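**Q** Using the sequences and the hints given, assemble the complete structure.
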Amino acid sequence: MIMRVIDSIPLPGSTLRRNSISDIEYDAWEFADLVVLSESVSPSKRLRAFYSLGYYLGQVLNGGHSQLTYNMDIGERRSGFLIDSFIYGTEMIGAPKFGRIAEKYQAWIKEHKNEAGMQTGFEGGRDEYLDHLDELFIKTDEEYSEELQGRLKKTEIEEEKAILSKIMQEERLHNIHAIVNFWLLRSDMLIEVPDPSFKETAQAMLSPLN
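Count along the sequence shown from 1, add 73, and you get the number used in the numbering used here.
Derived from the structure by calculation, the hints contain no laboratory data. Keep in mind that a hint or two might mislead.
[As the list claims (entries may be wrong)] List of simulated lysine to aspartate or glutamate pairs, DMTMM-like, C-alpha gap at most 20 Å:
1) LYS177 with ASP207
2) LYS272 with ASP96
3) LYS118 with ASP80
What you are looking at is a predicted structure, and each value in this text was computed from that prediction instead of being measured.
**A** Structure below.
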């Protein structure tokens, strides 16, 4: 069966105009989730990378690499592509240092399959090396703070400067999320759809080709 390849994400106009930056990212990721897990359509390389960035970050910034390992184990469909796609995504958004951490994690998974199966994200189900990667991840996130400030100073396009400035004002965002959002809002991936027709548009995009 020939599958429709989805490379864009529809969002209601009200979401793009009124919501916080982090809410826009979350709503966009929810649609990407539907595409990735669909049996009717297929994500493009960059849409899958955006999805993988959101999934990886959501797990690691919540319960660490141990939690990520547990949830990938019970979600086998994701495990086949997630880490490679995340690494590609970090290059895509200009944050390759996070990809180097993911490569270390990927190597550990391959070499410690038994230990990987014992991870839960909770006490008694956490590996010391994965906790080390968590610490490295947070340290790397902190290092990107200075880089974001540098990007803001170097950006000459006023619209992009306004976007980045707004992103950096959201205190609940980690620096890596700020980088993801800056890439997302500058890309052509988001499509604004009138609120009344949003549901119909989204369903049509997720429908199989006739």
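**Q** All the hints need checking, so say for each whether the structure fits it.
**A** Status of each hint after checking the structure:
no., hint, in the structure
1, LYS177 with ASP207, "holds, 11 Å"
2, LYS272 with ASP96, "holds, 18 Å"
3, LYS118 with ASP80, "holds, 8 Å"
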